[in-house]
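Working from the sequences, and respecting the hints, build out all of it.
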Amino acid sequence: MIQALSGNTAVAYAMKQVNPDVVAVYPITPQTVAMERFADYVADGDVDTELIMADSEHSAMSCCIGASLAGGRVMTSTASAGLALMWEVLYVAASNRCPIVMNVMNRALSAPINIHCDHSDAMGARDSSWIQIHAENVQEAYDNIIQAVRIAEHENVRLPVMTNMDGFTLSHATERLETLDDQQVQKFIGKFKAIYPLLDVDNPVTYGPLDLYDYYFEHKRQQVEAMELAYDVVKRIGQEYGKVTGRSFDMLHPFEMDDAEIAVLALGSTSGTARVAVRAMRQKGVKVGLVKLRVFRPFPKDGLKEMLKGMKAVAVMDRSDSYGAFGGPVFSEVRSALLGEDVEVVNYIYGLGGRDIRQDQVEQVITDMSTVAKTGKVKSYVNYLGVR
Amino acid sequence: MVSLKKLSEKEELLAPGHRLCAGCGASIIVRQVLLAAEDPVVIANATGCLEVATTIYPYTAWRVPWIHSAFENAAATIAGVETMYQVKKRKGEITRDIKFLAFGGDGGTYDIGIQALSGALERGHDILYICYNNGAYMNTGIQRSSATPKGASTTTSPAGKVIPGKRRFPKDLTAIVAAHNIPYCGQTSPSFYNDLIGKVQKALSAEGPTFLNIISPCPRGWRHETDQSIAMAEEAVTCCFWPLYEVENGEWRLTGYSKQIAEGKKEKTSVIDWMRKQGRFRHLFTDARKPFLDSIQEEVEREWENLKKRCGY
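Residue numbers (the working numbering), protein chains in the order written: chain A, 1 to 388; chain B, 1001 to 1313.
Source of the hints: derived by calculation from the structure; they are not laboratory data. Every residue gets a Cβ at the ideal spot worked out from N, C-alpha and C, and that includes glycine. Warning: the hint list may mix true and false statements.
Stated by the list, open to error - Covered stretches of chain A (chain B as the covering partner; in silico rule of three or more C-beta atoms under 8 Å from a C-beta of chain B):
#1 18-24
#2 48-55
#3 61-67
#4 83-93
#5 193-201
Here is the structure:
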């Protein structure tokens, strides 16, 4: 079916089609509308879900953990300060291997308070052992949520998945959207399979024991292995989704990379702006390509190395900063993945607090990369784009 | 009245071999609570003594499904478990009755967990939250909480040359919980097992959120001999520092020994005598601090009179 839906409405619609057992949530801009629409579905009996309107995001995620380990499908949604408040229990959810799916409408962190998009919320949670997928547009946000259910619940993974989308830029933008039928979604995600559920009172299990130096390290190592197994699962489910919808997904989505000499790497809605800029610069004869980083966790280090080796210069766009570090979080990881390759990697930090990124700015970045490619010289490895 | 003989025939659901201290009130309370439960239970536990000492991986003392998530979220965690149960029951995927319990210490309940508790009570989850109240953060080495009695010396409210230990009375958490207008809440003590078990059974048979605040002696923090725990939790009741009462559908009622005191059938003992037996109050027994000590007795009296009024005496 083709519909016109805003980002928030599309999230609620995807959640309705997934029809999870429990949703626990707390309102926060810019994802509040998604929860309002989902509450409408609950109120109208369109879903079987029990909706917990929690007293905070911390409690919302705690409810999700309890519900997930009880043995059922659980979803939630948050943004910004809400994700920050969940920080402690994000780790608990992942470490207890709860296959929770959470949509995050990326928004800047306080202070000063700001309701608009940047990625400091998601990047703050990057080490929590959640799988992180970023959407370029509302269609992808919808598609990602449905795939996320499968990825999270896959027996080789059993990790929570955070589907990210840019606050306001996507949450409040209405797009033409191709949606699946409810039955197609149900068929794709399949039935939830509980593993050691708390509600199996005949086979009691203990979750969250005190785990000291004699076992803790091994349990953390198991999470590492689950993340490693997730590479393949994310790819396979992306392909399978393509068979149903005609829209296939991978960890990395290249554009005009076949003969490219320089590249721009971005995640989220900026990939769309960058694609237009790449197309414009191609018309001017610049051999530039775009790499869209769709999945930030697990970080597709091998694919990235394969895609970017031989480039003369790569611009990495970061919509958050890591204060006191050498560049933003995406830059650090891309550069680390390219260790040993003869590629100059340059960082552009942009768009903090929702500041727009324009086509001409990305074109300037591409021009800068052409200069680096020609001269072999980088003026500055970390640059701030669009700041006064 | 529960029969000890019958209770002794029930399987113990908290296995021996856990590492709680000798004389710890928490394990005695948990065993009494689990003996009271007739249906299968699922338990959420806040971070604290009970959690760390019963589940040192790869061991567990729990013969029931049990989950620890964090310090402040036992109420939210059990709310999530209970909500999943309600969905599964509605869908016919589960048919049997299961009860949902949370255990938290006073730190995890009065302080860091009060928001999650309040939220869960307001939303009406069918749960029983039990605070085992030993009056400080005992697990981490006896730091003061908002349940620490006035005058108690703790490692963060130490009795010094100038300051005589904790300067404030505890907040009245049971009354705060009662203000949520839930079907059932109350206070009890493991020294009166009939009262405790009776209240747990009442709470579990009520529909909706219920709460019990249970005094839990801690030989390490209260500074008394380990064989004195039950006596300490008994005298806390007889001196009216810890009255036994319940609030059922808005009706406040004294129970057991406290009711008998109110009705003149039992003698009220002295708060100061109870305090004298505990090292945490040792510094108060000087001439200079007698006025401070007397003020504690007066405040306990005043609270007791207020409670009696609420209960119709």
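Quick rundown of the hints versus the structure:
| no. | hint | in the structure |
| --- | --- | --- |
| 1 | 18-24 | holds (count 3) |
| 2 | 48-55 | holds (count 7) |
| 3 | 61-67 | holds (count 6) |
| 4 | 83-93 | holds (count 3) |
| 5 | 193-201 | holds (count 4) |
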